[in-house]
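*Asks:* Residue-level listing of the chains:
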Amino acid sequence: MQITMTVNGVSHTRDVEARLLLIHFLRDELRLTGSHWGCDTSNCGACVVWLDETPVKSCTVLAAMADGRRVRTVEDLARGGRLDPVQQGFAECHGLQCGFCTPGMMMTARWLLDHHPDPSVAEIREALSGQLCRCTGYENIVRSVRWASEHEAAQPAGGDGGTGRQAGER
Amino acid sequence: MDLETITEYRPAPGAAWQPGDAWLGGGTWLFSEPQPGLRRLLDLRGFGWAPLTESRGGLEIAATCTIAELARWRPGGPAAVAWATVPLLRQCCDALLASFKVQNMATVGGNICLALPAGAMTSLAAALDGVTTLWSPGGGVREVPVIGFVTGPGTTVLRPGELLRSVTLPDASLRGRTAFRQASLSRLGRSAALVIGRTDGPGLVITVTAATPRPVQFRFAARPSPDEATAALDRAGLDRAGLDGAGLDGAGLDGGHLTWHDDVHGAPAWRAAMTRRFVAEVAAELRE
Numbered sequence: 000m001q002i003t004m005t006v007n008g009v010s011h012t013r014d015v016e017a018r019l020l021l022i023h024f025l026r027d028e029l030r031l032t033g034s035h036w037g038c039d040t041s042n043c044g045a046c047v048v049w050l051d052e053t054p055v056k057s058c059t060v061l062a063a064m065a066d067g068r069r070v071r072t073v074e075d076l077a078r079g080g081r082l083d084p085v086q087q088g089f090a091e092c093h094g095l096q097c098g099f100c101t102p103g104m105m106m107t108a109r110w111l112l113d114h115h116p117d118p119s120v121a122e123i124r125e126a127l128s129g130q131l132c133r134c135t136g137y138e139n140i141v142r143s144v145r146w147a148s149e150h151e152a153a154q155p156a157g158g159d160g161g162t163g164r165q166a167g168e169r
Numbered sequence: 000m001d002l003e004t005i006t007e008y009r010p011a012p013g014a015a016w017q018p019g020d021a022w023l024g025g026g027t028w029l030f031s032e033p034q035p036g037l038r039r040l041l042d043l044r045g046f047g048w049a050p051l052t053e054s055r056g057g058l059e060i061a062a063t064c065t066i067a068e069l070a071r072w073r074p075g076g077p078a079a080v081a082w083a084t085v086p087l088l089r090q091c092c093d094a095l096l097a098s099f100k101v102q103n104m105a106t107v108g109g110n111i112c113l114a115l116p117a118g119a120m121t122s123l124a125a126a127l128d129g130v131t132t133l134w135s136p137g138g139g140v141r142e143v144p145v146i147g148f149v150t151g152p153g154t155t156v157l158r159p160g161e162l163l164r165s166v167t168l169p170d171a172s173l174r175g176r177t178a179f180r181q182a183s184l185s186r187l188g189r190s191a192a193l194v195i196g197r198t199d200g201p202g203l204v205i206t207v208t209a210a211t212p213r214p215v216q217f218r219f220a221a222r223p224s225p226d227e228a229t230a231a232l233d234r235a236g237l238d239r240a241g242l243d244g245a246g247l248d249g250a251g252l253d254g255g256h257l258t259w260h261d262d263v264h265g266a267p268a269w270r271a272a273m274t275r276r277f278v279a280e281v282a283a284e285l286r287e
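Sequence lines, in order, name chains A and B.
What the first sequence shows, in numbering that gives the first Met the number 0, is residues 0 to 169, in sequence order.
What the second sequence shows, in numbering that gives the first Met the number 0, is residues 0 to 287, in sequence order.
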């Protein structure tokens, strides 16, 4: 069957098998291997991407279910050669560790900060629930998100928050 | 999870159901476990049902309404004032073992049809006297109260090919006051006991889920004291005759007895103790 979806602002049309999952479409068809395929049972969250602006676990979404919709992956965070503050926070606070859970953590964190710019530690932990770090390094991940929150807030009004984005740009 | 046996995906409208088909809502459970018997997925989103529809009769929740949509929903018009139970919707959404990433895809209908004892959408709809509308493959329609829809862990009254179209929460139920109690082994874990009390005119309706294999409901003609409410539980644990003798309607009792669910999320004795405590608490909270 033929599907078309917009991934990171670029439209892609492919013939796919009916059973193909979104995570495999992204990794195998589009070669966007930033999103990771982990537990395969919707438990670990390494595969979290945005589907029409909301984070979902792409190992439990068919590629066909994303037909005609917009998908955003971790590859879309950095813009113009500059890291997103979330990425910068993970680098500054050693939130990456082995890196396997990182793409899902970052996509959830980006969504959280877009909707709650100054989240508490408890709110960060709840937002990241359902996402597992096999290094068990949650403290550093939470610190990374707080770092991103504080550094985005410190940007002057009208600035791009360090994202390198223009006003209105996602 | 890659479902290797799936050979076809198509919109549900116009598709004639056949063995090996599955209705596809959000897919969050469907894709989390092997489904070796499935061949086709029929996507319900093709129907384009409105997620939530207010009317004088109550609130109709489409089977395809996501948990996130239900959690965000607020009534408009006169219902905004009259429907005191609205906060219960969010409480039940938050009682699911599912982060918001899953809630963005998982559907109300899927959670009810999955028929897990801890299915919080079943808890919600049963507590508010919800009624399911079911479509049969031959074009027939029937209605089944939610309290009788789930018959045990993973089992429902659905017949082969039958489809849950929606759940309607009656206006009268939405006007009651509610009290909510839930216990799980971790703060965001799967519910081991979930008790909802709801005022019903001069009376009280107490619905027990998660702790029992299927929803159990006690209806009191007048507001019971905490002792009277727990006594109903105790009678239900003895026999059906004791329940009838007390003038109580114990819908959902298996074989006339109250039984306790047993799995890794809580031992039966603990579930029973927590349920007893919660029943007393909701009775006290709604007594005034």
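Derived by calculation from the structure, the hints in this document are not laboratory data.
A portion of the hints provided could be inaccurate.
To give a feel for the contact side, a few chain A residues facing chain B, derived at Cβ under 10 Å [what the hints assert, rightly or not]: (1) Q1; (2) L19; (3) D39; (4) T53; (5) L76; (6) A153; (7) Q154.
Backbone N, C-alpha and C fix where the C-beta goes; we use that ideal spot for every residue, glycine too.
*Asks:* Give a verdict on every hint.
*Replies:* Hints, one by one, checked against the model:
no.	hint	verdict
1	Q1	violated (12 Å)
2	L19	holds (8 Å)
3	D39	holds (5 Å)
4	T53	holds (4 Å)
5	L76	violated (17 Å)
6	A153	violated (27 Å)
7	Q154	violated (26 Å)
The structure shown violates the earlier hints numbered 1, 5, 6 and 7.
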